[in-house]
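Input sequences plus hints: build the corresponding full structure.
One letter stands for each residue in the lines below.
2 protein chains.
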Amino acid sequence: MENSSEETPARWEGLPSWLLGQTANHAQRLVGDGFSSVGARGYHYRLLATLEESGPASQAALGRRSGIHLSDMVATINELADRGLVERAPDPSDRRRNIISLTSAGKRQLRRLEKRLAECQDELLAPLSPEERQRLTEVLSKLLDHHNRRTGTPEEPGR
Amino acid sequence: MENSSEETPARWEGLPSWLLGQTANHAQRLVGDGFSSVGARGYHYRLLATLEESGPASQAALGRRSGIHLSDMVATINELADRGLVERAPDPSDRRRNIISLTSAGKRQLRRLEKRLAECQDELLAPLSPEERQRLTEVLSKLLDHHNRRTGTPEEPGR
DNA sequence: GTCCGAATGTTCGATCGACTAACGTTTATT
DNA sequence: AATAAACGTTAGTCGATCGAACATTCGGAC
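So the sequence lines, in the order shown, correspond to chains A and B.
Letter by letter, the first sequence follows residues 1 to 159 of our numbering.
Letter by letter, the second sequence follows residues 1 to 159 of our numbering.
Hints were generated in silico from the structure; no laboratory data involved.
Don't be surprised by glycine CBs; every beta carbon is placed ideally from N, CA and C.
A hint or two may mislead.
[Claimed, not checked] Restraint ranges, calculated between C-beta atoms of paired labels, are given here:
{"#": "1", "chain 1": "B", "residue 1": "PRO130", "chain 2": "A", "residue 2": "GLU132", "range": "14 to 24 Å"}
{"#": "2", "chain 1": "A", "residue 1": "GLY32", "chain 2": "B", "residue 2": "LYS107", "range": "35 to 45 Å"}
{"#": "3", "chain 1": "B", "residue 1": "ARG149", "chain 2": "A", "residue 2": "SER36", "range": "17 to 27 Å"}
{"#": "4", "chain 1": "A", "residue 1": "GLY14", "chain 2": "B", "residue 2": "ASP91", "range": "47 to 57 Å"}
{"#": "5", "chain 1": "A", "residue 1": "PRO130", "chain 2": "B", "residue 2": "SER93", "range": "55 to 65 Å"}
{"#": "6", "chain 1": "B", "residue 1": "PRO130", "chain 2": "A", "residue 2": "ARG97", "range": "48 to 58 Å"}
{"#": "7", "chain 1": "B", "residue 1": "ARG135", "chain 2": "A", "residue 2": "ARG97", "range": "43 to 53 Å"}
{"#": "8", "chain 1": "B", "residue 1": "SER93", "chain 2": "A", "residue 2": "ARG83", "range": "52 to 62 Å"}
{"#": "9", "chain 1": "A", "residue 1": "SER58", "chain 2": "B", "residue 2": "ALA60", "range": "51 to 61 Å"}
{"#": "10", "chain 1": "A", "residue 1": "ASN78", "chain 2": "B", "residue 2": "GLU138", "range": "36 to 46 Å"}
[To be verified] Here are some chain A residues the structure puts well away from chain B; computed CB gaps all over 12 Å:
{"#": "11", "residue": "VAL38"}
{"#": "12", "residue": "ASP82"}
{"#": "13", "residue": "PRO90"}
{"#": "14", "residue": "ILE99"}
Take a look at the structure:
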């Protein structure tokens, strides 16, 4: 979507689903650009952040905690390991597992990414007043909650 | 994103960009499912609607008006033409061009898609009060406007 | 009239996030 | 010991979006 022009208002442009999709695109572009300016992408941030929160863990566990699919974890960890931001070591007590841990360079990168991320949020919400920002995140949270409950995120139903 | 579980709140889940992306995903899934239940997808609706609004036109013009990339127009028109919803005829006055027009079957399909679409908006916004819905679309429109102005949609600057 | 730039339709490919399928290895259960 | 389950890995699919290249055709400048 780069176009439009010509004198067409387009009938779908007022639909909530369309507005959501478009603003989400802008948001994602902003954040993606912010990340790529430091040589990273979304999965990198998510994995580094998860790693800092839960400490060293196996790829499967990190996948569960970060919501990154197992098969994408492989590539993500490869990329981060290549950059020395993360270490992959075999688990001595379970030879199936790798234990992934954050290096200090990884921690520094995480700080950078968080800074960019915060800047992007601000750029994203620039035209909104603090109250509007508050209301927006509230309403979005409510929507997200509703649909997560009935669709995604099993969140261990009976446990 | 099917996972999560494990007892991790995840630090990015409150970020506006994340909330936007996730709710947009839900919205897109809803609409996409609605469309595919009639054997269509997003581009089909957009093209059919554009076609009804602006009448028969060349692929390039339709692309500009619908915001669909030229290279994707080809496939979209192919699919719609295969289903008999649209007709592709050479322009006698310009042999580069095809003139695309809506068939009556296409118009009927458009009606169906619009109905589904309306239902999906309702399902999407289900947990929100009318006032909240109003506010949400307003805020999103404001955001979208802001970012379209400074990024996408040139909308012929000097014309 | 001819020539060059632009528009048009088309094909191919790349991206990014999400997800499926299959497979070999290793551990746990029975 | 046999079977089930978990783990890591590779290799794909998919949908939405976009870029690059190309041949054809048109239009305007000269």
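Outcome of the hint check:
1. Distance hint check for PRO130 of chain B and GLU132 of chain A: the Cβ-Cβ separation is about 18 Å, which falls inside the suggested range of 14 to 24 Å.
2. For GLY32 of chain A paired with LYS107 of chain B, a C-beta distance near 39 Å keeps the hint of 35 to 45 Å intact.
3. Distance hint check: the CB atoms of ARG149 of chain B and SER36 of chain A are about 23 Å apart, consistent with the given range 17 to 27 Å.
4. At about 33 Å, the beta-carbon gap between GLY14 of chain A and ASP91 of chain B misses the expected band of 47 to 57 Å.
5. Checked against the given bound of 55 to 65 Å, the beta carbons of PRO130 of chain A and SER93 of chain B, roughly 57 Å apart, stay inside it.
6. Checked against the hint of 48 to 58 Å, the pair PRO130 of chain B and ARG97 of chain A passes, with Cβ atoms roughly 52 Å apart.
7. Separated by about 48 Å at the C-beta atoms, ARG135 of chain B and ARG97 of chain A satisfy the suggested range of 43 to 53 Å.
8. A hinted range of 52 to 62 Å for the beta carbons of SER93 of chain B and ARG83 of chain A is consistent with their spacing of about 58 Å.
9. Checking the proposed 51 to 61 Å range against SER58 of chain A and ALA60 of chain B shows it holds: the Cβ atoms sit about 52 Å from each other.
10. In this structure the hint that ASN78 of chain A and GLU138 of chain B lie 36 to 46 Å apart at CB holds, the actual value being about 44 Å.
11. Even its closest Cβ contact with chain B, about 16 Å, leaves VAL38 of chain A beyond 12 Å, as expected for a residue assigned away from the interface.
12. ASP82 of chain A, annotated as away from the interface, keeps every beta carbon of chain B farther than 12 Å; the closest lies near 23 Å.
13. Distance to chain B confirms PRO90 of chain A as a non-interface residue, since its nearest Cβ pair spans about 22 Å, more than 12 Å.
14. Every beta carbon of chain B lies more than 12 Å from that of ILE99 of chain A, the smallest distance being close to 16 Å; the non-interface claim holds.
In summary, the one numbered hint that this structure violates is 4.
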